[in-house]
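*Asks:* Sequence:
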Amino acid sequence: MSGSSGISGVVSPLGTGSGPVVFRAACPGCRARFELAAEALRLAIGASRRTTFYSFTCPECGAAVRKPAGERIVELLTGGGVRTLRLAPASPAAPTAPIV
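Those letters in the sequence shown? Residues 1 to 100, per our numbering, in order.
Wrong hints could be hidden among the right ones.
[Stated by the list, open to error] Here are the computed lysine to any residue pairs in the SDA-like style, where the Cα-Cα straight-line distance is at most 25 Å:
(1) K67 <-> E39
(2) K67 <-> R86
(3) K67 <-> G29
(4) K67 <-> L36
(5) K67 <-> E35
(6) K67 <-> F56
(7) K67 <-> I45
(8) K67 <-> P20
(9) K67 <-> G80
(10) K67 <-> L87
(11) K67 <-> R31
(12) K67 <-> S55
(13) K67 <-> G79
(14) K67 <-> T51
FYI, nobody ran anything at the bench for these hints, they're computed from the structure.
These figures come from a predicted structure and were not determined experimentally.
Sequences are here, hints too, so could you generate the full structure?
*Replies:* Shown next, in the form of structure tokens:
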């Protein structure tokens, strides 16, 4: 995901590679840029690209932000310890019995 409204990378404090992972993000509403800990993000993995997304609350304006998550974003977030919810596929409608 590119541009000012998505997750742009993973950063370890002081570049040491140890310690908690933080993610660079931006709010599409107020356009603020900030870093978020894994605990501040949620990832939902659905059966399709339309139902796979990440979300967070902007620390600047308080807006709830929900963005689509492609394969690379899913890899970054899961590798960084973001809580992940796997969405169950919608079950097909139950067949209706013919009226006799």
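*Asks:* For each hint, tell me whether it holds in the structure or not.
*Replies:* To see whether the hints hold, each was checked on the structure:
For the given pair, K67 sits about 17 Å from E39 by alpha-carbon distance, which is consistent with the 25 Å threshold. With a C-alpha separation of about 16 Å, the suggested pair K67 and R86 falls inside the 25 Å cut-off, and the hint holds. Taken as a hint, the K67 and G29 pair is honoured in the structure, with Cα atoms around 12 Å apart against an allowance of 25 Å. Note on K67 and L36: the hinted pairing holds, with a Cα-Cα distance of about 15 Å set against a maximum of 25 Å.
Of the pairs offered as hints, the one joining K67 and E35 holds, with about 16 Å between alpha carbons and a cut-off of 25 Å not exceeded. Of the supplied pair hints, the one linking K67 and F56 holds, its CA atoms being roughly 9 Å apart against a limit of 25 Å. With a C-alpha separation of about 12 Å, the suggested pairing of K67 with I45 holds against the 25 Å cut-off. Restraint check for K67 and P20: the C-alpha separation of about 23 Å stays at or below 25 Å, so the hint holds.
Pair hint K67 plus G80 holds up; C-alpha atoms about 17 Å apart against a cutoff of 25 Å. Only pairs whose Cα atoms come within 25 Å are accepted, and K67 paired with L87 is accepted, the gap being roughly 16 Å. Simply put, K67 and R31 have alpha-carbon atoms about 14 Å apart, close enough for the 25 Å limit, and the pair holds. Between K67 and S55 the alpha-carbon distance is near 6 Å, which keeps this suggested pair within the 25 Å criterion.
Restraint check: the Cα-Cα separation between K67 and G79 comes to about 18 Å, which is no more than 25 Å; the hinted pair holds. A hinted pair counts as satisfied when its Cα atoms are at most 25 Å apart, and K67 with T51 qualifies at roughly 10 Å.
The structure shown violates none of the earlier numbered hints.
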